[in-house]
Amino acid sequence: MKNSLNHLQELESESIHVMREIASQFERPCLLFSGGKDSIVMAHLAKKAFWPAKIPFPFVHIDTGHNFEETISFRDSLVEELGVKLVVGSVQEAIDSGKSVEEKGVGASRNILQTLTLLDTIEQNKFDALLGGARRDEEKARAKERFFSHRDDFGQWDPKNQRPELWNLYNGKKFPGEHFRVFPISNWTELDVWMYIRSENIRLPSLYFSHKRDVFMRDGMWLAHAPFMQLKDDENLEHKVVRCRTIGDITCTGVVLSEANCLDDIVAEIAATRETERGNRADDKRSETAMEDRKKEGYF
Amino acid sequence: MDNTFDSNEYINMELLRFTTAGSVDDGKSTLIGRLLYDSKSILEDQYNAVKEASERRGEGYVNLALLTDGLRAEREQGITIDVAYRYFSTPKRKFIIADTPGHIQYTRNMVTGASTANLAIILVDARKGILEQTRRHSFIASLLKIPHVVFCINKMDLVDYSKEVYDNILSDFKHFSSKLEVQDIRFVPISALKGDNVVNRSENMDWYHGPTLLYLLETIHIASDHDLVNCRFPVQYVVRPFSDEYHDYRGYAGKIAGGIFKPGDKVMALPSGFTSTIKQIDTYDGPLDEAYPPMSATILLEDEIDISRGDMLVRENNVPQISQDIEIMLVWMNEKALQIGGKYAIRHTSKELRCLIKDVKYKVDINTLHRNLEDKNIGLNEIARVSIRTTQPLFFDRYKMNRNTGSVILIDETNNVTVGAGMIM
Ligand SMILES: Nc1nc2c(ncn2[C@@H]2O[C@H](COP(=O)(O)OP(=O)(O)O)[C@@H](O)[C@H]2O)c(=O)[nH]1
Numbered sequence: 001m002k003n004s005l006n007h008l009q010e011l012e013s014e015s016i017h018v019m020r021e022i023a024s025q026f027e028r029p030c031l032l033f034s035g036g037k038d039s040i041v042m043a044h045l046a047k048k049a050f051w052p053a054k055i056p057f058p059f060v061h062i063d064t065g066h067n068f069e070e071t072i073s074f075r076d077s078l079v080e081e082l083g084v085k086l087v088v089g090s091v092q093e094a095i096d097s098g099k100s101v102e103e104k105g106v107g108a109s110r111n112i113l114q115t116l117t118l119l120d121t122i123e124q125n126k127f128d129a130l131l132g133g134a135r136r137d138e139e140k141a142r143a144k145e146r147f148f149s150h151r152d153d154f155g156q157w158d159p160k161n162q163r164p165e166l167w168n169l170y171n172g173k174k175f176p177g178e179h180f181r182v183f184p185i186s187n188w189t190e191l192d193v194w195m196y197i198r199s200e201n202i203r204l205p206s207l208y209f210s211h212k213r214d215v216f217m218r219d220g221m222w223l224a225h226a227p228f229m230q231l232k233d234d235e236n237l238e239h240k241v242v243r244c245r246t247i248g249d250i251t252c253t254g255v256v257l258s259e260a261n262c263l264d265d266i267v268a269e270i271a272a273t274r275e276t277e278r279g280n281r282a283d284d285k286r287s288e289t290a291m292e293d294r295k296k297e298g299y300f
Numbered sequence: 301m302d303n304t305f306d307s308n309e310y311i312n313m314e315l316l317r318f319t320t321a322g323s324v325d326d327g328k329s330t331l332i333g334r335l336l337y338d339s340k341s342i343l344e345d346q347y348n349a350v351k352e353a354s355e356r357r358g359e360g361y362v363n364l365a366l367l368t369d370g371l372r373a374e375r376e377q378g379i380t381i382d383v384a385y386r387y388f389s390t391p392k393r394k395f396i397i398a399d400t401p402g403h404i405q406y407t408r409n410m411v412t413g414a415s416t417a418n419l420a421i422i423l424v425d426a427r428k429g430i431l432e433q434t435r436r437h438s439f440i441a442s443l444l445k446i447p448h449v450v451f452c453i454n455k456m457d458l459v460d461y462s463k464e465v466y467d468n469i470l471s472d473f474k475h476f477s478s479k480l481e482v483q484d485i486r487f488v489p490i491s492a493l494k495g496d497n498v499v500n501r502s503e504n505m506d507w508y509h510g511p512t513l514l515y516l517l518e519t520i521h522i523a524s525d526h527d528l529v530n531c532r533f534p535v536q537y538v539v540r541p542f543s544d545e546y547h548d549y550r551g552y553a554g555k556i557a558g559g560i561f562k563p564g565d566k567v568m569a570l571p572s573g574f575t576s577t578i579k580q581i582d583t584y585d586g587p588l589d590e591a592y593p594p595m596s597a598t599i600l601l602e603d604e605i606d607i608s609r610g611d612m613l614v615r616e617n618n619v620p621q622i623s624q625d626i627e628i629m630l631v632w633m634n635e636k637a638l639q640i641g642g643k644y645a646i647r648h649t650s651k652e653l654r655c656l657i658k659d660v661k662y663k664v665d666i667n668t669l670h671r672n673l674e675d676k677n678i679g680l681n682e683i684a685r686v687s688i689r690t691t692q693p694l695f696f697d698r699y700k701m702n703r704n705t706g707s708v709i710l711i712d713e714t715n716n717v718t719v720g721a722g723m724i725m
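Sequence lines, in order, name chains B and Y.
Read in this note's numbering, the first sequence has 16 at position 16, and its numbers run on one by one without any break.
Read in this note's numbering, the second sequence has 707 at position 407, and its numbers run on one by one without any break.
I should point out that these hints are in silico values taken from the structure, not numbers from a laboratory.
From a predicted model like this one, the values you see are computed outputs, not experimental measurements.
Worth double-checking, as some hints may not be accurate.
Said to hold, decoys possible - Pulled from the structure, derived: some chain B residues nowhere near chain Y, Cβ distances all over 10 Å: (1) Glu-14; (2) Leu-169; (3) Met-195; (4) Val-241; (5) Ala-260.
Stated by the list, open to error - Derived pair list, reagent style EDC-like, types lysine to aspartate or glutamate, alpha-carbon separation capped at 16 Å: (6) Lys-174(B) x Glu-713(Y); (7) Lys-494(Y) x Asp-460(Y); (8) Lys-562(Y) x Glu-616(Y); (9) Lys-700(Y) x Glu-503(Y); (10) Lys-2(B) x Glu-545(Y); (11) Lys-47(B) x Asp-585(Y); (12) Lys-428(Y) x Asp-460(Y); (13) Lys-160(B) x Glu-635(Y); (14) Lys-54(B) x Asp-544(Y); (15) Lys-174(B) x Glu-652(Y); (16) Lys-174(B) x Asp-712(Y); (17) Lys-658(Y) x Asp-625(Y); (18) Lys-2(B) x Asp-544(Y); (19) Lys-463(Y) x Glu-503(Y); (20) Lys-2(B) x Asp-527(Y); (21) Lys-54(B) x Glu-545(Y); (22) Lys-2(B) x Glu-590(Y); (23) Lys-47(B) x Glu-200(B); (24) Lys-392(Y) x Asp-338(Y); (25) Lys-48(B) x Asp-585(Y); (26) Lys-126(B) x Glu-200(B); (27) Lys-2(B) x Asp-589(Y); (28) Lys-562(Y) x Glu-518(Y).
Unchecked claim - Label pairs and their in silico Cβ distance ranges: (29) Asn-201(B) x Asn-672(Y): 54 to 62 Å; (30) Lys-351(Y) x Ser-77(B): 38 to 46 Å; (31) Leu-431(Y) x Val-87(B): 54 to 62 Å; (32) Asn-312(Y) x Asn-125(B): 40 to 48 Å; (33) Asn-672(Y) x Val-87(B): 33 to 41 Å; (34) Ser-623(Y) x Asp-264(B): 49 to 57 Å; (35) Thr-714(Y) x Leu-257(B): 51 to 59 Å; (36) Pro-587(Y) x Leu-86(B): 28 to 36 Å; (37) Glu-69(B) x Pro-587(Y): 34 to 42 Å; (38) Asn-125(B) x Gln-692(Y): 30 to 38 Å; (39) Ala-272(B) x Tyr-515(Y): 19 to 27 Å.
The beta carbon of each residue, even a glycine, is placed where N, CA and C say it ideally should be.
Work the whole structure out from these sequences, hints included.
Shown next as structure tokens:
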């Protein structure tokens, strides 16, 4: 069609516009980089938004210490390729110094501890805007999130008191100590992300592609095994052909049985799939409003 | 989606943004649930979660409405209080739904959802016909210049799928539609609960020969909703690499707000009035032959002229209005009333200034469009024509002509909250 964009181009343009707004309206923005495909797409969009200049803000990784090795090496090589600065907030250090206390027992996760380290990292670096790769289609509480989401000086989100957001006029005004979470890919769906990765030929960690791995079944989900994971009595390790749909902390990132080993196969699989990706994340299963509760406290 | 997924088709889809308005119990949530469900956009675990929740609540059927109620408070009270965004796609288009509550106390949410929409769905309960709220929702769509409005006459199953009932509603509608400024108005008789004419054609209404709702959503012509004539490029960000390779590079990045820009075009920069020629239009993927809305691009000029964020590139023979004195239709969004004589921050395209509220010309009754010249007290959810003066000139078009260059927001500087949405008259 002449003089009109297809939906991926329109979404890309919207996201690039938001990224440039961040660089203009804030003094110390940063990009939250988890190592998952959404943050990889964000990095790609940031590269496009400021080209031929470098991305004018650092990447921040909140490292739970329970990451896939490959996530870390991929992160390091991407940061080098883009020439951006990397800031790492370490949950392990917070635990070692006694600031954070580890959950115990089966199903223990460092997911909640991330919030504390994140807020500390924000304070230490005086970040005033954090770009995140969350999408509104992921979860019900996210569906109401603004592009520019205001956080008070405790880092909290007040869902009932959000600023109205009209047209593409974004209000990033704030008082000292407050900050914003900004979500440039709010309007993308999981399928959009995958289609975009395919059409832009974006490099991904091989974890996203089918491989063999030790896994076990818990609450109806396959979880990847790692040395620090405790198995319950009735849980057994199995060696399966799997791939990750999301990548985060190992303890709460599920894997799916899949033979898909190229982007075409993955896209076809996602398009035909009958479960949302967060259905695979143990952290959301704790209660019906688990995500909303964590977000209010300052989670991603 | 089924296995016949064709990724090339998916790439070439257009994006349609629509809003839904309806009062409590008109069936808005059911309709959205129905659209998602019948177009196979609901995934199994989402459907199962809703089914379980319905059973827990002792409801006798799978309450598709639960799919769209996001926040805990809403679930507790059983109402929708904010704007929730939903996504689905069919092989033809990708859709973004801004789902907004319909009660008058949520006018600001409706306005927010409407601000980015290409299309509005307005629900009418067939048993009740056109009510005050129907008029209100229509006026909001008209005020925000949503190009396409579809009235869904819902719950047709409760009026025996009667053609007469439907026809009467349509003729009632004619009485007030003359006041609306909407390009394209459509009507569809539906039952959201039973599914008639939503995705699948109704067998109960053979007297209706028009398209189903989904067919309309998939085919309504939206490509010309953007202004492709009047060139407007608000400079958002100046790209300066400071690298050896791009030593003298100076690119003006932004989102095209109107018109088609091409290399070789003579352009003028506002406010300076200096002219130059477009040397190149850059993107990461390579230079473009032309750039049009809503593209994000970076424009390079032949001459070195001083341009920064908040400036605008236009064609010399087609400039927007330039003034510090502006009349706007203002939707007030805050509990604290509008202060005549008060000062607010104002955002317009990529510009942020301050403004003074000079006068309230009249207040508009959003249910009747009646103008009240006496009452100048503008509170939450009220709409008024207001004259303002900005600290520096704005370069703008009437909102009617261009939604990008005709819209502003007002911000209360004591708490930084967005308090008003303005459409330039
Ligand atoms: N008979 C009938 N009932 C409907 C229809 N659409 C919605 N309802 C019912 O009307 C009530 C309100 O619907 P809901 O979708 O929650 O309305 P909302 O408040 O506008 O979101 C529910 O009991 C629905 O089952 C319809 O087409 N026919």
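A quick look at each hint next to the structure:
1. Distance check on Glu-14(B): its Cβ comes as close as 7 Å (rounded) to a Cβ of chain Y, failing to clear the 10 Å threshold; non-interface status is violated.
2. Non-interface call for Leu-169(B) relative to chain Y: violated, since the shortest CB-CB distance, roughly 5 Å, does not exceed 10 Å.
3. Distance check for Met-195(B) against chain Y: the nearest CB is about 6 Å away, which does not clear 10 Å, and the non-interface claim fails.
4. With a least CB separation of 21 Å from chain Y, Val-241(B) remains clear of the 10 Å interface cut-off, as annotated.
5. The claim that Ala-260(B) lies off the interface holds: its Cβ sits roughly 13 Å from the closest Cβ of chain Y, which is beyond the 10 Å cut-off.
6. Distance hint between Lys-174(B) and Glu-713(Y) is fulfilled; the C-alpha atoms sit about 9 Å from each other, no more than 16 Å.
7. Our distance criterion of 16 Å between C-alpha atoms is met by Lys-494(Y) and Asp-460(Y), whose separation comes to about 13 Å.
8. Restraint check for Lys-562(Y) and Glu-616(Y): satisfied, since their Cα atoms lie roughly 14 Å apart, inside the 16 Å limit.
9. Simply put, Lys-700(Y) and Glu-503(Y) have alpha-carbon atoms about 40 Å apart, too far for the 16 Å limit, and the pair is violated.
10. For the hint linking Lys-2(B) to Glu-545(Y), the alpha-carbon distance of about 34 Å lies beyond 16 Å, and the restraint is violated.
11. For the proposed pair Lys-47(B) and Asp-585(Y), the alpha carbon gap of about 11 Å is at most 16 Å, so the pair holds.
12. Distance check on the hinted pair: Lys-428(Y) and Asp-460(Y) sit about 14 Å apart at the alpha-carbon level, within 16 Å; holds.
13. A threshold of 16 Å between alpha carbons decides the hint, and for Lys-160(B) with Glu-635(Y) the separation of about 14 Å falls inside it, so the pair holds.
14. Between Lys-54(B) and Asp-544(Y), the direct Cα distance comes to roughly 13 Å. Compliance with the 16 Å bound is thereby established for this hinted pair.
15. Restraint check for Lys-174(B) and Glu-652(Y): satisfied, since their Cα atoms lie roughly 14 Å apart, inside the 16 Å limit.
16. Restraint check: the Cα-Cα separation between Lys-174(B) and Asp-712(Y) comes to about 11 Å, which is no more than 16 Å; the hinted pair holds.
17. Among the hinted pairs, Lys-658(Y) with Asp-625(Y) is consistent with the structure: their alpha-carbon atoms are about 9 Å apart, no more than 16 Å.
18. Between the alpha carbons of Lys-2(B) and Asp-544(Y) the distance comes to roughly 37 Å, so the proposed pair goes past 16 Å and is violated.
19. For the given pair, Lys-463(Y) sits about 13 Å from Glu-503(Y) by alpha-carbon distance, which is consistent with the 16 Å threshold.
20. Distance hint between Lys-2(B) and Asp-527(Y) is fulfilled; the C-alpha atoms sit about 14 Å from each other, no more than 16 Å.
21. Using a Cα cut-off of 16 Å, the hinted pair Lys-54(B) and Glu-545(Y) holds, with the two alpha carbons roughly 12 Å apart.
22. Between Lys-2(B) and Glu-590(Y) the CA atoms are separated by roughly 11 Å; this keeps the pair inside 16 Å, and the hint holds.
23. Note on Lys-47(B) and Glu-200(B): the hinted pairing holds, with a Cα-Cα distance of about 13 Å set against a maximum of 16 Å.
24. A hinted pair counts as satisfied when its Cα atoms are at most 16 Å apart, and Lys-392(Y) with Asp-338(Y) qualifies at roughly 15 Å.
25. Proximity of Lys-48(B) to Asp-585(Y) is assessed by CA-CA distance (about 8 Å); at most 16 Å being required, the pair is judged to hold.
26. Our distance criterion of 16 Å between C-alpha atoms is broken by Lys-126(B) and Glu-200(B), whose separation comes to about 34 Å.
27. Distance hint between Lys-2(B) and Asp-589(Y) is fulfilled; the C-alpha atoms sit about 13 Å from each other, no more than 16 Å.
28. At roughly 31 Å between alpha-carbon atoms, Lys-562(Y) and Glu-518(Y) are farther apart than 16 Å, so this suggested pair is violated.
29. Between Asn-201(B) and Asn-672(Y) the beta carbon distance is about 59 Å. The supplied range of 54 to 62 Å therefore holds.
30. Take Lys-351(Y) and Ser-77(B): their Cβ atoms lie about 45 Å apart, and the range 38 to 46 Å holds.
31. One distance hint, 54 to 62 Å for the beta-carbon pair Leu-431(Y) and Val-87(B), holds here, with the actual separation near 56 Å.
32. At about 42 Å, the beta-carbon gap between Asn-312(Y) and Asn-125(B) stays in the expected band of 40 to 48 Å.
33. Distance hint for Asn-672(Y) and Val-87(B): a CB-CB separation of about 55 Å, inconsistent with the stated range 33 to 41 Å.
34. Taken as a hint, the range 49 to 57 Å holds for the pair Ser-623(Y) and Asp-264(B), whose Cβ atoms sit roughly 54 Å apart.
35. Checking the proposed 51 to 59 Å range against Thr-714(Y) and Leu-257(B) shows it holds: the Cβ atoms sit about 56 Å from each other.
36. For Pro-587(Y) and Leu-86(B), the hinted distance range of 28 to 36 Å is satisfied, since their beta carbons lie about 32 Å from each other.
37. The hinted range of 34 to 42 Å is satisfied by Glu-69(B) and Pro-587(Y), whose Cβ atoms lie roughly 41 Å apart.
38. Checked against the hint of 30 to 38 Å, the C-beta distance between Asn-125(B) and Gln-692(Y) comes to roughly 34 Å, which is consistent with it.
39. About 24 Å separates the C-beta atoms of Ala-272(B) and Tyr-515(Y), a value consistent with the hinted range of 19 to 27 Å.
The earlier numbered hints that this structure contradicts are 1, 2, 3, 9, 10, 18, 26, 28 and 33.
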